[in-house]
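*Asks:* Residues per chain, in single letters:
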Amino acid sequence: MDAVLNDFDAYLRAFGFTLWLFLISGVLSLILGTFLVALRVGPVAVLRSAAATYVTVVRNTPLVIVFATFQFTAPTLWSALNFRWFDRLDISIGQFQFNQFFATAVIALTLYTSTFVCEALRSGVNSVDIGQAEAARAIGLPFGGVMTNVVLPQAFRASLPPLASVQIALIKNTSVAAVFGVAEAVYQMRSLTRDFPSQLNEIFIAFAIGYIIIVEVTSFLSNRLERRWRVA
Amino acid sequence: MSTSVLFDAPGPKTVARHRIYTVVAGAAVLGFLLWALWRLYVEGQFTYDKWEVFLTPRYLEVILVDGLLQTLQMAGTAIVAAVLFGFLFGVGKMSDHAWVRWPSWAVVEFFRAIPVLLLMVFVWFLIGINTSGASYWGVVIALMLYNGSVLAEVFRAGVNSIPKGQGEAAYAVGMRKTQVMNLVLMPQAVKVMLPAIISQCVVALKDTALGQYILAPGLTKVSNQIFLEFDNRIPTIFVVASLYIVVNLILTAFATWLQKRLLGGKKKGVDIEAAAGGGRYDMGGGGGAAV
Numbered sequence: 001m002d003a004v005l006n007d008f009d010a011y012l013r014a015f016g017f018t019l020w021l022f023l024i025s026g027v028l029s030l031i032l033g034t035f036l037v038a039l040r041v042g043p044v045a046v047l048r049s050a051a052a053t054y055v056t057v058v059r060n061t062p063l064v065i066v067f068a069t070f071q072f073t074a075p076t077l078w079s080a081l082n083f084r085w086f087d088r089l090d091i092s093i094g095q096f097q098f099n100q101f102f103a104t105a106v107i108a109l110t111l112y113t114s115t116f117v118c119e120a121l122r123s124g125v126n127s128v129d130i131g132q133a134e135a136a137r138a139i140g141l142p143f144g145g146v147m148t149n150v151v152l153p154q155a156f157r158a159s160l161p162p163l164a165s166v167q168i169a170l171i172k173n174t175s176v177a178a179v180f181g182v183a184e185a186v187y188q189m190r191s192l193t194r195d196f197p198s199q200l201n202e203i204f205i206a207f208a209i210g211y212i213i214i215v216e217v218t219s220f221l222s223n224r225l226e227r228r229w230r231v232a
Numbered sequence: 233m234s235t236s237v238l239f240d241a242p243g244p245k246t247v248a249r250h251r252i253y254t255v256v257a258g259a260a261v262l263g264f265l266l267w268a269l270w271r272l273y274v275e276g277q278f279t280y281d282k283w284e285v286f287l288t289p290r291y292l293e294v295i296l297v298d299g300l301l302q303t304l305q306m307a308g309t310a311i312v313a314a315v316l317f318g319f320l321f322g323v324g325k326m327s328d329h330a331w332v333r334w335p336s337w338a339v340v341e342f343f344r345a346i347p348v349l350l351l352m353v354f355v356w357f358l359i360g361i362n363t364s365g366a367s368y369w370g371v372v373i374a375l376m377l378y379n380g381s382v383l384a385e386v387f388r389a390g391v392n393s394i395p396k397g398q399g400e401a402a403y404a405v406g407m408r409k410t411q412v413m414n415l416v417l418m419p420q421a422v423k424v425m426l427p428a429i430i431s432q433c434v435v436a437l438k439d440t441a442l443g444q445y446i447l448a449p450g451l452t453k454v455s456n457q458i459f460l461e462f463d464n465r466i467p468t469i470f471v472v473a474s475l476y477i478v479v480n481l482i483l484t485a486f487a488t489w490l491q492k493r494l495l496g497g498k499k500k501g502v503d504i505e506a507a508a509g510g511g512r513y514d515m516g517g518g519g520g521a522a523v
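Sequence lines, in order, name chains A and B.
For the first sequence, the positions run 1 to 232 when the numbering used here is used.
For the second sequence, the positions run 233 to 523 when the numbering used here is used.
Do not take every clue at face value.
Stated by the list, open to error - What follows is a set of in silico ranges between Cβ atoms, one per label pair, in the way DEER data are often shown:
(1) A:Ala52 to B:Ser474: 17 to 27 Å
(2) A:Ala10 to B:Met407: 55 to 65 Å
(3) B:Ala330 to A:Ala10: 34 to 44 Å
Everything labelled a hint here was simulated from the structure, so no lab data went into it.
Backbone N, C-alpha and C fix where the C-beta goes; we use that ideal spot for every residue, glycine too.
Only chain A is shown next, with the shape it has when bound in the complex (with noise of 0.2 Å):
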């Protein structure tokens, strides 16, 4: 356990890196999603199967190879999406430095889980009551009342336990961005394993248990709020 207490700050800093991915992307994939769900499920036929195909495409490509794609491909593109310039603004918060890599990260998590965000509010949008649109509808809301007035609110609700699962998953995905140089909980606790090799088990426990508590306390939520929103 020396590995970890003795320098319990890294710890720390690195779990908070795992929580700044996982706030920032979760509310940025729930705002994706949340477009992508209207564009799937609204009258035109070209975004219709436009962000299906998207849809499709993302959630069916291992999250590694979407970090990949994004890191090489975007930059291609347009060289402002390399987030270089990330780095000059010098964005940081107490401990904590957002540099590039950062950017990148929250950006790929963000386009992997708003795919699983839509899929999720698709089946909450399918569970509303048909006779809540058509009543909509019969007093002359457009597309865009009905969607935002009646269905979004209550398809919120009905889909906030699958809504959840994805957000739980978010926590355990910000790990891959290890793999691509943030500094986050995995990272951290492979270059200690590397550093301190007879100390293995007890690093693994300690990374594992700040996982477990990040879990458990974002399922709790979910559960209050699941009961204080239960569609009668």
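Got chain A; can you put chain B on it based on the hints?
*Replies:* Just chain B now, kept in the frame of chain A:
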């Protein structure tokens, strides 16, 4: 709710407006694709020597045999082991004996909560990073533990989804618990669970790509070798991603077909996935979330 419920059948004005939307959206999508292709062309990503490797039969053989086949083998081994692991702990969680139930619950919860990548690194170091085959088994064992614990929940949900009367009738004719499980509940549950198990194969297959972090063989390793030699990252990633996507789409189509075949129009299979918090919402653990 079908999508058409969300909006009225369009009148003439709306039809005209939708036509404008269609043209604008189509132009935007097409424009983006053309711009992307043009930018890639300008950056020299379409030159012959960047793609040569994928047109040479000998290299293709390496990609398909050393890459795809190894990856499929890792995923296949992992999923077979995961089904066994899941069966064992799924049944364990339903045991009448608290000393079996609680440890099974703890094991399943533990492996579901931590990232696959963390597990992979741990198993890799545990076997010894210099031992040959350590990274291969690191991937397989980590995927077995994660997918196995997801499948344990699927098994439990599958057995619980069987109508109560089935078990009660079996007890009534004098069967013991083991017999009720093995002869009555399990065979029916397996039928309900098969599509969910196949969906889990997609997760396992996607997560094999994480093996990159622990230098595992398979597609990602072969692709690393290729772009180091030919300096063609973008074409390589494009080809590797396509291979993963094609195999996953085939698996998904198979799962859908099986679901229709085994369950008809009934929605039972979907309930199970939701109950397990896995299946189609599962992104894998590393994943998975994979990933």
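*Asks:* Each hint should be assessed against the structure and marked as holding or not.
*Replies:* Hints and how they fare:
Roughly 18 Å separates the CB atoms of alanine 52 of chain A and serine 474 of chain B, a value that falls within the hinted 17 to 27 Å. At roughly 58 Å, the beta-carbon separation of alanine 10 of chain A and methionine 407 of chain B lies within the given 55 to 65 Å, and the hint holds. Between alanine 330 of chain B and alanine 10 of chain A the Cβ separation comes to about 40 Å, which falls inside the hinted range of 34 to 44 Å.
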